[in-house]
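Asker: So you can see what is in the structure, the chains are spelled out below.
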Amino acid sequence: MWNPLTLLRRRRRSSADFAREITEHIALEAERLVAEGWSLAAAANEARRRFGNVGAAQERFHDARGLAFYDEARSNLLFAWRGIRHRPLQAIIVVVTLTLGIGISAGAFSTFDVIAFRPRVDASPVTFARVFLAYGTDSTPPDVPAAARVSDYLWFRDHVHSLRALAGWQAVSTTVDGRAAATHGMLVTCEFFDVYAPVRPLAGRVLQASDCASRDNVVVISHTLWRDVLSSAPDVVGRVLHINGRPLRVVGVAPPFSGPVNDANFWTPYTMRGYLQLGDDDPASPTALRLTLDGRLREGYSRSDARAELAVLVTQQDVLHHGRRSSVLVTDGSMLTQPGNGIAILTIVALVFLALACLATVVCANVTSLLLAVAHTRRVEMALRMALGSGSARLARMLLTETLALAAIAGGLATVVASRSPAYLLRWITQRELTYPTHPNWHVFAFLFVTTLCASLLVGSAPIRAALALDLVAALRGLTKDSRDGHRRSSNALMGVQIGAAVTLLIAAVSLARMSARVAASPAHLDTRRVLALNVVPPDRVTGAWSAYHEDVARTAAAVPGVEIVAFGSAAPIYDARAGVIVVTAAGTGKHALPAVQVSSRYFDVFGLHLIRGRLLATADDNCVAAVCPVVVSLETVHELWPHEDPLGKHVRVDPAGELEIVGVVSDAPSDIAARVEALMVYQSWRPSQRSYQAFARFGGDAATASHALAAAIADHFPGSVAAPETLQAFLDRFTDVFYRMGLAVGGVALVAATLALVGVYGVVSLSAKRRMKEMGIRIALGARDADVYRAMLRSNAPPVLIGLGVGVAAAVGLTIIIDRLTAATLPIPFADPFAFWGAPPALGVVVLLAIAAPARRATGAAPVEALRQD
Amino acid sequence: MVTRDPLPILQGTLDLLVLRTLAGGKNHGQGIARAIQDVSRNALLVEHSSLYPALQRLEEREWIRAEWGTSSNNRKARFYELTAAGRKQLAREREHWWRFADAIALVLGPRTVRGT
Chain D
1 MWNPLTLLRR RRRSSADFAR EITEHIALEA ERLVAEGWSL AAAANEARRR FGNVGAAQER
61 FHDARGLAFY DEARSNLLFA WRGIRHRPLQ AIIVVVTLTL GIGISAGAFS TFDVIAFRPR
121 VDASPVTFAR VFLAYGTDST PPDVPAAARV SDYLWFRDHV HSLRALAGWQ AVSTTVDGRA
181 AATHGMLVTC EFFDVYAPVR PLAGRVLQAS DCASRDNVVV ISHTLWRDVL SSAPDVVGRV
241 LHINGRPLRV VGVAPPFSGP VNDANFWTPY TMRGYLQLGD DDPASPTALR LTLDGRLREG
301 YSRSDARAEL AVLVTQQDVL HHGRRSSVLV TDGSMLTQPG NGIAILTIVA LVFLALACLA
361 TVVCANVTSL LLAVAHTRRV EMALRMALGS GSARLARMLL TETLALAAIA GGLATVVASR
421 SPAYLLRWIT QRELTYPTHP NWHVFAFLFV TTLCASLLVG SAPIRAALAL DLVAALRGLT
481 KDSRDGHRRS SNALMGVQIG AAVTLLIAAV SLARMSARVA ASPAHLDTRR VLALNVVPPD
541 RVTGAWSAYH EDVARTAAAV PGVEIVAFGS AAPIYDARAG VIVVTAAGTG KHALPAVQVS
601 SRYFDVFGLH LIRGRLLATA DDNCVAAVCP VVVSLETVHE LWPHEDPLGK HVRVDPAGEL
661 EIVGVVSDAP SDIAARVEAL MVYQSWRPSQ RSYQAFARFG GDAATASHAL AAAIADHFPG
721 SVAAPETLQA FLDRFTDVFY RMGLAVGGVA LVAATLALVG VYGVVSLSAK RRMKEMGIRI
781 ALGARDADVY RAMLRSNAPP VLIGLGVGVA AAVGLTIIID RLTAATLPIP FADPFAFWGA
841 PPALGVVVLL AIAAPARRAT GAAPVEALRQ D
Chain F
1001 MVTRDPLPIL QGTLDLLVLR TLAGGKNHGQ GIARAIQDVS RNALLVEHSS LYPALQRLEE
1061 REWIRAEWGT SSNNRKARFY ELTAAGRKQL AREREHWWRF ADAIALVLGP RTVRGT
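These protein sequence lines map, in sequence, to chains D and F.
1 is the number of the first residue of the first sequence in our numbering; add one for each residue after it.
1001 is the number of the first residue of the second sequence in our numbering; add one for each residue after it.
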């Protein structure tokens, strides 16, 4: 087997041997010639002549050993080391700049990798598989792949061979005695801990197959729940915990581990669903349990093997369900591969990487400028090397090695940034503890390697070209005779690129950071500070008695001091993901998908939505069973459907069946600067007897006081129930806070980019001023004033700055248009911030002018006599 | 008498010549170069410096091995000798050469005296 160490060892012996062998060879030949009658001196000369070129022989010998590469690499590294030692300041600046660029990019990549590109499992992610099922019928195509029916899970679990373990789970939110807020937990199949292994319990045991089979009332709790609710009691195993008001026996405490649900606090068999009043146990019910399936591949099997096998198994199940047609999707469990996520995530990633590309551009342009300046100072050295016979390729390799060495140091430092940043960044942005692994994997190291290599090639190529394009004679005489126009063009291009990238980033950062202030400055047209969403988790499922429950909640809440009105709805009019969508067909306008909420009659009063035309919904409209049900629509909906007609009395058909009549028009809820699409809303009358609705209370006085009083009243009146009242404003603040923090993070990156760009501009202008000292001296000698010198410097440097600013703003416009399209339904206001566009470019422009002014000031001090003396 | 200039070694034949020379016993580089020249009655001229890459190549292929020794006139020299693998290789190369030479001879036809 080839071993480089053996090669090196042999090389050391042979190098010494070879020299000795040649010496002995020539001596032997000389002795032979002496024996033939040659004189000693003549024999020695002849022997050397007959041997031929000793150097060439040594070189051939060396090349044949394949060691020329190592020797050259060694001497290139020595050259790089000498360069770093002689110009330590430049080397440090290059390393720091590249570290910032590579580190920030790799940190962002690593963060995305943690969030979206890999499954949240602690061990062996390559064997992890998430299974989705898409159900359809003979006449309808399969839905979006999602969770599986229990019967399908059981069939898979018992028959699949390519997966060594297969578990199912469903996330739930329940009450837990001793906790004031709703607690996240999971209904799981008893193989769950086999898939998410190794999970060694801190106490007791994890779930086992018999727990699911026997329908034992057991639960495994998290270490957090153990600590917070049971005060880390050592006798926790066997204690009873009330979940949703039902007693469950604790059989174990799980340590922190990466699971599919963040901050899950308990895991109980899925067979407990009915007992815990979390839904039907009837598998035929439309609300029957659906399980998300996670598995582990058996050794030697791939995900496509598993998919193929499960596809066969699900077809067997389809036979049992008349008319059913199902398909299987097996993914690696990452957020990216989850059905429906791919395009959205990739778009976000693309946008973030666009921002990072801006930073990378600035960094590379900056370092290139610096290396070009260094190349300028080294032109005599390069010319000497070329004159002494170093070929262009050899010189290029030497210079590239120097850049590679600097980039490698930066890459090494960036690795530390990439390793640490995801955990810090995510914790800071979300303000929560992370429950999944954040250490970098091979994706991150591959990214780092490629980025470092690309960076060194990018920043190294221009200085190498400049070094190789030397006029030898001029350079050796110490003259600068390289192409002035060419140099100026490249300097201007670098300056423009840096300014453009920096301004794009600055606009994005200002837009993000100002989002919360903009939301606050243009409030929604409803009172977000005086309405509390009660967020009640009901204690039990109250089959057939939801009306009474709603009445009870309304009575209890209304009795709380400060509460003025209580209403119910399926969601809040804005910022609420629980709002549904209905597809309506209005005569002559075609189909429209419109957001819709089901509301009680006082809903409009609670939120302060004003009646514009017609009437509001009344109690008599509740539980509508008529062929045509009354609805109220927002003003924007009227503009969308009947821009020039009276909407009152209009009928719309609703898919799949039903008809609605417009009886009233209310004001739009979102703020004036929100995307118009957010103002679309259809208010349908609620069906209080059919399901649980969210309660909303309008209150007077302090929000915190009202919130505590309401939570206490609900907990008192409905034992085992929890309420977590929150104003819409609080939700909005939390939402915009994330954007504010993201803005600060991007702002930090933008600040780094802008600083680097300014340093780059300063460097370019400084170099240009230095080169033009003679010209300026002559101008001054001819009577130019300081203002003329400033003007001359500005005239030559302003165009790239202006072009850069223009291109940067254009790029930012494109970026914000894309972001606004993507986030129209998510962000409360448009991403595009006029202030950012009017503020950031001029601010940067002013600072750039200052960066130009400083070297220009030096140029005004050019001595005319000195200038005229130079040849 | 017509003096003939020595012939340069045909490309690819130096390995064969070295192996054949060493078949007669171990020898050092200078000895090998001299032997080829002497045996070919000075018809073949071995450029001494080009001999060493060939020796190195053969050694790496383990057809020959080398060790330092003392020459007949009491000088240190690196002596090369054929290995078993080298002997087999020599046989192969000889066979190959003769087939090649026969084929060339067939193409060129019978040898004639120059000028007739």
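Keep in mind that a hint or two might mislead.
Claimed, not checked - Far from chain F, by Cβ distances over 10 Å, these chain D residues were calculated:
#1 28
#2 53
#3 60
#4 85
#5 277
#6 312
#7 380
#8 575
#9 620
#10 811
#11 847
What the hints assert, rightly or not - Simulated coverage check for chain D against chain F, where a stretch passes if three residues somewhere in it have a Cβ under 8 Å from a Cβ of chain F:
#12 41 to 52
#13 588 to 595
It should be emphasised that the hints constitute simulated quantities derived from the structure, not laboratory data.
Treat the numbers as computed from the prediction; the structure is a model and nothing was measured.
Backbone N, C-alpha and C fix where the C-beta goes; we use that ideal spot for every residue, glycine too.
Asker: Does each hint fit the structure? Answer for all of them.
Answerer: Each hint tested on the structure:
1. In this structure residue 28(D) is not separated from chain F by more than 10 Å, as the shortest Cβ-Cβ distance comes to only about 4 Å.
2. Once the 10 Å rule is applied to beta carbons, residue 53(D) is inconsistent with being away from chain F; the minimum gap is 6 Å.
3. Separation of residue 60(D) from chain F is inadequate, the least Cβ-Cβ distance of about 5 Å not exceeding the 10 Å criterion.
4. Every Cβ of chain F is farther than 10 Å from the Cβ of residue 85(D); the closest lies at roughly 37 Å, confirming the non-interface assignment.
5. No Cβ of chain F comes within 10 Å of the Cβ of residue 277(D); the nearest lies about 81 Å off, and the non-interface call holds.
6. At the 10 Å boundary, the C-beta of residue 312(D) stays outside the reach of chain F, the nearest C-beta of that chain being 56 Å off.
7. Against chain F, the non-interface label of residue 380(D) holds: every CB pair exceeds 10 Å, the least being about 37 Å.
8. The beta carbon of residue 575(D) is kept farther than 10 Å from every beta carbon of chain F, the shortest such distance being approximately 76 Å.
9. Every CB of chain F lies more than 10 Å from the CB of residue 620(D), the least distance being 101 Å, so the non-interface label holds.
10. Listed as a non-interface residue, residue 811(D) keeps its Cβ farther than 10 Å from every Cβ of chain F; the least gap is roughly 59 Å.
11. With 10 Å as the threshold on Cβ separation, the claim that residue 847(D) sits away from chain F holds: the shortest Cβ distance comes to roughly 64 Å.
12. For the region 41 to 52 of chain D, the proposed coverage by chain F is satisfied: 3 residues have a C-beta within less than 8 Å of a C-beta in that chain, meeting the threshold of three.
13. Coverage of a stretch by a chain is defined here by at least three residues with a beta carbon nearer than 8 Å to that chain's beta carbons; for the region 588 to 595 of chain D and chain F the count is 0, and the condition is violated.
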